[in-house]
Amino acid sequence: MPAKKDSEKRKLIGARFDPEDRATVGKFAKEAGISPGAEVEKRVKATLAFDEEGLALIAEIGAEIREIQEGLGGSKPWHKNLKKWSAVTDMLRTGPIMDRNPDSPADDEAVKAAYSTVTDLQDERQAIIDEVAQHGLAWKSEPRSQTGKRGGGILGAFAILDTREGERALLNKLDDGPEKDALIQAHSKVVELDLKVSEAKGAWISLLSNYWDAEAEGRNWNRERQRVKAKAAWDRGEQVDFYRLSGQDPWNLKG
1 MPAKKDSEKR
11 KLIGARFDPE
21 DRATVGKFAK
31 EAGISPGAEV
41 EKRVKATLAF
51 DEEGLALIAE
61 IGAEIREIQE
71 GLGGSKPWHK
81 NLKKWSAVTD
91 MLRTGPIMDR
101 NPDSPADDEA
111 VKAAYSTVTD
121 LQDERQAIID
131 EVAQHGLAWK
141 SEPRSQTGKR
151 GGGILGAFAI
161 LDTREGERAL
171 LNKLDDGPEK
181 DALIQAHSKV
191 VELDLKVSEA
201 KGAWISLLSN
211 YWDAEAEGRN
221 WNRERQRVKA
231 KAAWDRGEQV
241 DFYRLSGQDP
251 WNLKG
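Residue numbers (full-length UniProt numbering): 1 to 255.
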């Protein structure tokens with residue numbers, strides 16, 4: 001066997017650890033049945049693909065996992081306890097990675113302005129509703145669609161709003177006079193604001209959908225990548241995860 005060139009030879013890179021870290025390395029090395037040096041090498045190689053931001057992300061995820069381990073207690077590690085595993089899974093989905101969204105709608109001035117329009121209109125409507133409540137009238141904070149669902153959620157922006165006919169019917173039963181006229185005028189304003197809130201939500205969601213579409217493209221690409229790999233493993237007779245094989249999102253299926 002020909003001798004390796006000097007550039008191909010393995011060379012030592014020194015590293016210093018404090019006593020606590022050396023003990024931790026020794027613990028994991030013993031569990032793996034390898035030397036402390038081999039344990040350090042294994043862990044360094046596992047992180048070479050990451051840039052500085054990737055390393056910072058790993059460190060934060062590690063801290064989150066430790067917090068989950070301690071918070072849920074017990075001796076079993078997160079990958080051997082369903083409750084801990086579920087907490088870690090949710091953390092991976094919603095934790096430090098979310099702080100690194102390169103194109104978040106939270107940073108989009110147009111999205112923020114559209115959302116402010118929604119909340120300003122809602123506040124204006126609620127102020128009227130709170131004021132008439134002093135007269136013993138309870139008007140809904142959000143109208144209901146014709147399906148009976150509230151129109152206040154995200155999908156409510158596209159619901160067909162009612163005209164608060166029940167509320168108006170009660171007003172019509174009041175004795176005629178200035179107070180009744182003022183309440184009817186206030187109710188008409190609330191109905192007008194219902195429509196404005198719905199339209200404002202539609203504009204806001206239209207802006208958000210640009211981000212949702214881009215995120216969906218990334219998710220769908222990754223699920224197809226995982227599905228192809230899972231199918232290849234399945235064809236080899238290996239055990240595979242059903243959700244990867246089907247290309248489905250387990251979180252959406254389980255609720």
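These are calculated hints, taken from the structure and not from any lab test. Please note that the accuracy of each hint is not assured.
Said to hold, decoys possible - Subject to a maximum C-alpha distance of 25 Å in a straight line, what follows is the list of computed BS3-like cross-link-like pairs (lysine-lysine):
1) 11 to 42
2) 9 to 27
3) 76 to 140
4) 83 to 42
5) 45 to 9
6) 27 to 76
7) 189 to 173
These are the hints, each one checked on the structure:
Between residue 11 and residue 42 the alpha-carbon distance is near 15 Å, which keeps this suggested pair within the 25 Å criterion. Using a Cα cut-off of 25 Å, the hinted pair residue 9 and residue 27 is violated, with the two alpha carbons roughly 29 Å apart. In summary, the hint linking residue 76 to residue 140 is not supported, as the alpha carbons are separated by about 50 Å, beyond the 25 Å threshold. Proximity of residue 83 to residue 42 is assessed by CA-CA distance (about 29 Å); at most 25 Å being required, the pair is judged violated.
With a CA separation close to 16 Å, the supplied pair residue 45 and residue 9 stays within the 25 Å bound. Among the hinted pairs, residue 27 with residue 76 is consistent with the structure: their alpha-carbon atoms are about 16 Å apart, no more than 25 Å. Of the supplied pair hints, the one linking residue 189 and residue 173 holds, its CA atoms being roughly 19 Å apart against a limit of 25 Å.
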